[in-house]
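> What follows is the residue order along each chain.
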Amino acid sequence: MNMGRESAPEYGLERFSDRIGFVTLTRKEIMRFWSVLGQTVTAPVITALMYLLVFAQAMKGRASAYPGVDYTQFLLPGLVMMSVIQNAFANSSSSLTQSKILGNLVFLLMAPLGAWELFGAYVTAALVRAALVAVSMLAVTAPFVTLPLHAPLALLAIFLLSAASLAVLGLIAAIIANKFDHLAAFTNFIITPLSFLSGVFYSVHALPPFWFTASHLNPFFYMIDGFRYGFFGTADAPIWLSLLWTSGFLAAVSAVCLWMLMTGFRLRR
Amino acid sequence: MIIPVADALAIDGVRKSYGNVQALDGVSFSIRRGEFFGLLGPNGAGKSTLINIIAGLVLADRGRVSVLGHDTVHDWRRARRLIGVVPQELVFDPFFKVLEMLRIQAGYFGCGRESWPWIDEMLERLDLSDKRNASMRSLSGGMKRRVLIAQALVHRPPVVILDEPTAGVDVELRRTLWSFMRELHGRGTTVVLTTHYLEEAQDLCERIAIVDRGRVCVIQTTQELLNRHPFRFLRLKLAGGAPLPESLVPLVSGEVNGSLELKLERDRHPIGAVFAALHNAGVAIEDVQTREPDLEDIFIELTHHAAPPRAAEEADAVPATAGQP
Ligand SMILES: Nc1ncnc2c1ncn2[C@@H]1O[C@H](COP(=O)(O)OP(=O)(O)OP(=O)(O)O)[C@@H](O)[C@H]1O
Ligand SMILES: [Mg+2]
Chain S
1 MNMGRESAPE YGLERFSDRI GFVTLTRKEI MRFWSVLGQT VTAPVITALM YLLVFAQAMK
61 GRASAYPGVD YTQFLLPGLV MMSVIQNAFA NSSSSLTQSK ILGNLVFLLM APLGAWELFG
121 AYVTAALVRA ALVAVSMLAV TAPFVTLPLH APLALLAIFL LSAASLAVLG LIAAIIANKF
181 DHLAAFTNFI ITPLSFLSGV FYSVHALPPF WFTASHLNPF FYMIDGFRYG FFGTADAPIW
241 LSLLWTSGFL AAVSAVCLWM LMTGFRLRR
Chain P
1 MIIPVADALA IDGVRKSYGN VQALDGVSFS IRRGEFFGLL GPNGAGKSTL INIIAGLVLA
61 DRGRVSVLGH DTVHDWRRAR RLIGVVPQEL VFDPFFKVLE MLRIQAGYFG CGRESWPWID
121 EMLERLDLSD KRNASMRSLS GGMKRRVLIA QALVHRPPVV ILDEPTAGVD VELRRTLWSF
181 MRELHGRGTT VVLTTHYLEE AQDLCERIAI VDRGRVCVIQ TTQELLNRHP FRFLRLKLAG
241 GAPLPESLVP LVSGEVNGSL ELKLERDRHP IGAVFAALHN AGVAIEDVQT REPDLEDIFI
301 ELTHHAAPPR AAEEADAVPA TAGQP
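Which chain is which? The protein sequence lines are S and P, in order. Numbered per our numbering, the first sequence spans residues 1 to 269. Numbered per our numbering, the second sequence spans residues 1 to 325.
Isolated chain P (complex conformation):
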C-alpha cells in the first residue's frame, strides 16, 4: 500500500474579510514538498493575510490550511513547528541582543542548547557574526531583515515562508539572500516567497500563483506562465527616420529611445513577414532587437494593473481564471 505523502501546504477554501474588505475570497491550492513557490500579486492582494493565516497569526473566517498534513487550527502545535515565517514588517524586540533573541526564539519552539551551533552557523551565513551581541535597536533595516530570516529558521522548519524578504534591501544583500534561499531549497526545504521583484520570482520560483483581490488568478509553473503569453517583442530602429509601412503600424506597442517596439503574435506575425514588409517598402533597418515576454508582462496582463491600453484590450482574450485548479 502506498501512503499518500501530504503536501507541504494545503490551502482549502480560505476566506477572510476585514469589515467590508474581502481580503481573501476563497483561496485553494497546494504546494508540494520541496517546491520553490512564488506568491505574487499587487499591493493589497491578500498575500500577507494568507501567510498570516498559515502561520496562525490570523484566524480565517472559513476554510482550512494544513502544513505537511497537520491542520493549523486543530493540530496547531505540530503545524507551527513545521513552518518558519519571515514577516513582512520589520518587527523586533528592542530589549534584546541579536544572539539572545535567536536563542529565545529557538526556546519558544522547544529547542534547547542543541540548536545553538545552528544559530551560530546562520549568523555566519547571513553575515551577522559581528553583530551577535549588538542590540536589536542598533541594527540597520537590512540587518534587522536578516535577523528576522534567521529567527524564522531557528527550529529548522521543513517549510519556510518569506513575505517580501528582499523589500528595501540593497543589491548585494539581495544576492546573498537569493543564494541563501537556493541553499535552503537545495536541502529539501519547501520555500514560499512573496516579492514585488518579478525577475526575482522568475529566477527562483519553480511554480507561481498570482493573487489579485483575494483570489488566485493563475497557478502554473514559471515556464508555463511565460509560455502562455502568445507574444514576443521586436524592437526596430529604422535608418534615416523612415516611416513604417502602413501594414505594420497596428503592431506598434510603444516607442523607446527612438526605436519602435512591435508586439508580435507568435502564430499570426512571423518575424520574417515583418522583415519582408520592410524590405518591400524599401525601408532600411539600422538596428534590431527581440525580447521575449517576461513575468512582468504576464503579471500586468493578468492583474490589469498599470496596464497600457493596448495590452489591457488584448488581455481580455485570455480569461483571467484560466489555469485555476
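Next up, chain S with everything else stripped away, as it sits in the complex:
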C-alpha cells in the first residue's frame, strides 16, 4: 500500500488550524454528557422538582420575604441556580478526573492545545449542560409556577458568571484529585454545603446575625440572590454587588486554574 503522498512527508505546519483543536475538544465534551442525558440533565431536573414539590407543600401558605411573591415562586430560581452550580461543577470535574484516572488524558496533553483552549472547551461544555438543566427546569415548572422576568440581561449575566465559575472550580478540583474519592470529598464538603447555605430555601434576612454575615461571604449566595433579582427585581443584596462578587469569583478561580494548566501542575508531572 502506498501511505499517502509519494513525495517526502510534508513538515508544513501551515496545514494545521488552532481553531479546529478547540472546537473539537468542545464538541467532544458536549458529546460526552449528551450521550447520557438521562444522568446529566434529566436526573438533576427531577431531583430539583422533588425539592420544589416537597418544600412548596411543607411551606404552603407561608409568605416569602418579598412582597407579592409566594414561597414557591421564591424557591424556584434558587433551585434552578443550585442545579446550575452543581451540574456545571460536575460536568468539568467528572470529565477531567475520569480522563486522568483512565489515563486517556495523555491524548489531550500530547496535543498542541494550550491552557486557554483546554480551559475554554471544558467551560463551554459545562455552560451548555448548565443551560440545558436550567431551561428544562423552567420549562417543566412553567405550567405551575409563573415567574416574572424583571431583568433578563442581569439574569443571563449571573447565569454565565456562576456556571463558568463552577466549571472552573470543577477543573481545579479535578486537577488536584488523584482519585474519585478526592473529587467526592470536594463535592460533599465544599460544593454541596455552600450551595445549601446560600439562601436557596429562605431569605438570609431570616437568619441569626452570625449566619447572616457568613452568608454574605459565600459566593454562592450572590449567585442565587442575583439570579432571583433577575426574575423579581428585588433581592437580599443589590444586583451590582452580586455581579461584582460573581465576576470577582470567576476571575479568581480562573487565574488559579489557568496557572495550573499553564504550569502543568499535577497534570504534567
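Hints are computed from structural coordinates only; laboratory data are not their basis. What you are looking at is a predicted structure, and each value in this text was computed from that prediction instead of being measured. Each residue gets a CB set at the ideal place from its N, CA and C atoms; glycine is no exception. A hint or two may mislead.
Unchecked claim - No farther apart than 25 Å at their CA atoms in a straight line, the calculated lysine to aspartate or glutamate pairs in the DMTMM-like style are these:
1. 100(S) / 61(P)
2. 179(S) / 89(P)
3. 100(S) / 89(P)
4. 60(S) / 70(S)
5. 131(P) / 89(P)
6. 97(P) / 130(P)
7. 97(P) / 203(P)
8. 100(S) / 121(P)
9. 100(S) / 100(P)
10. 237(P) / 265(P)
11. 97(P) / 61(P)
12. 237(P) / 294(P)
13. 131(P) / 75(P)
14. 237(P) / 287(P)
15. 237(P) / 164(P)
To be verified - Distance windows between CB atoms, simulated:
16. 212(S) / 135(P): 31 to 41 Å
17. 27(S) / 15(P): 32 to 42 Å
18. 44(P) / 176(S): 22 to 32 Å
19. 140(P) / 194(S): 40 to 50 Å
Unchecked claim - Just a sample of chain P residues kept apart from chain S, beta carbon distances all over 12 Å, derived:
20. 100
21. 112
22. 133
23. 167
24. 168
25. 242
26. 265
27. 284
28. 292
29. 297
Use these hints to put chain P with the ligands onto chain S, whose structure you have.
Quick look at chain P with the ligands alone, frame taken from chain S:
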C-alpha cells in the same frame, strides 16, 4: 550558505527524578531525520520517562529537547505537531467508538475533514476496518494497541515514537506492525522504537541507544554494536561423549542439549586452533555449529542484567561508557 538541517530529535542534558529515584541522569543524544532508531534498556531504565518528556507529558528537571529544531517547552505547539507518540500503556476513552476517537484526535491536532481519508487508510492498513464503529471498550488488547498506533499518526507526524508497540502482541500482528513501521520509515518518517525483543531491534533499527539506570551506556549503529562484541560461539557435540582436551576447558561457556558451547575471542582463539587441538587429542566431532553474537549478548554485557558469571567478568574489559558521544 548552507542552512544546517535540524535533527529529528535533539536531547540535551535531560534529567528527571521522582523522589529518590533518578529516572534520567543527564541524557544527551540526537536522532537524525529519517533514522530508524532503537531505544533499548532494562525495565525501569528511563525509556518511557524520556519519551514522555519528548511528548511534553512530563517536564524535565533540567535539560532541553527539540523536535526538528522546535523546543518542546518554548515552542511546544510546533514541536507537538511534529511528533506522534504511541504510549506504552493501553489507554483509551471508553466513551467513544474507534472512528470517532481517531477523528477527535485528528481534530485536537488541528486537522479537519481532510484527514479523514488518511484515517480510513490507516484503519485498513492496521486491519481495523471492521472495527471502525466498535466501542473502544469492546476491543481486545491487540486491537487497542493498533488503535493507539493509528491515533499517534492521525496528523501525519514526521517523527514517530513507539513505546513498546509489540508488547503482548501475537506473532502475526507483530509482523504486521513491523512492515507497517518499515513502510513509515520508507516514506521518510523518523521512527523511534523501544522494545524488549532484541531481535526486533536488531532487524529494524539502524542505530541503537542502550539506556540503563537513567544513563545512555552506548549509542552506535546496530552493525557497530554487533561488531564490538569480540567473541563468537562454537557449539560442539563430541562423539561417544569423549572428554574435552584440557587446553579447551577454560573456553567453555555453557552446555546446551549435550553440546558444549565455547566462547571464542576473535583474535586469540581461531576456530582452526580449536579443531587442531581436538584432532591432536584424538577426539572425534559428531556435530558443530557456530553462532555470531546477537544483540542480546551485547545487551546483557552492557547492562549487566541477568549476566552469567563468566560473561559479567569479561564485560568489565569493555568500559560501559565506551561509545558515548
Ligand atoms: N510517575 C512516576 N512516579 C514515580 N516514579 C516514576 C514515575 N515514572 C517513572 N518512575 C520511575 O522512573 C524510573 C524509570 O521509569 P520508566 O518508566 O521510564 O522506565 P522504562 O525504561 O520505560 O521501563 P519499562 O521497560 O519497564 O517500561 C523507574 O524507576 C520508575 O519507577
Ligand atoms: Mg517504559
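> So, for every hint listed, does it hold in this structure?
We went through each hint and held it up to the structure:
{"no.": "1", "hint": "100(S) / 61(P)", "result": "22 Å, holds"}
{"no.": "2", "hint": "179(S) / 89(P)", "result": "19 Å, holds"}
{"no.": "3", "hint": "100(S) / 89(P)", "result": "13 Å, holds"}
{"no.": "4", "hint": "60(S) / 70(S)", "result": "9 Å, holds"}
{"no.": "5", "hint": "131(P) / 89(P)", "result": "21 Å, holds"}
{"no.": "6", "hint": "97(P) / 130(P)", "result": "12 Å, holds"}
{"no.": "7", "hint": "97(P) / 203(P)", "result": "35 Å, violated"}
{"no.": "8", "hint": "100(S) / 121(P)", "result": "30 Å, violated"}
{"no.": "9", "hint": "100(S) / 100(P)", "result": "20 Å, holds"}
{"no.": "10", "hint": "237(P) / 265(P)", "result": "20 Å, holds"}
{"no.": "11", "hint": "97(P) / 61(P)", "result": "37 Å, violated"}
{"no.": "12", "hint": "237(P) / 294(P)", "result": "22 Å, holds"}
{"no.": "13", "hint": "131(P) / 75(P)", "result": "37 Å, violated"}
{"no.": "14", "hint": "237(P) / 287(P)", "result": "5 Å, holds"}
{"no.": "15", "hint": "237(P) / 164(P)", "result": "38 Å, violated"}
{"no.": "16", "hint": "212(S) / 135(P): 31 to 41 Å", "result": "53 Å, violated"}
{"no.": "17", "hint": "27(S) / 15(P): 32 to 42 Å", "result": "39 Å, holds"}
{"no.": "18", "hint": "44(P) / 176(S): 22 to 32 Å", "result": "28 Å, holds"}
{"no.": "19", "hint": "140(P) / 194(S): 40 to 50 Å", "result": "46 Å, holds"}
{"no.": "20", "hint": "100", "result": "8 Å, violated"}
{"no.": "21", "hint": "112", "result": "5 Å, violated"}
{"no.": "22", "hint": "133", "result": "15 Å, holds"}
{"no.": "23", "hint": "167", "result": "16 Å, holds"}
{"no.": "24", "hint": "168", "result": "16 Å, holds"}
{"no.": "25", "hint": "242", "result": "57 Å, holds"}
{"no.": "26", "hint": "265", "result": "45 Å, holds"}
{"no.": "27", "hint": "284", "result": "55 Å, holds"}
{"no.": "28", "hint": "292", "result": "34 Å, holds"}
{"no.": "29", "hint": "297", "result": "35 Å, holds"}
In summary, the numbered hints that this structure violates are 7, 8, 11, 13, 15, 16, 20, 21.
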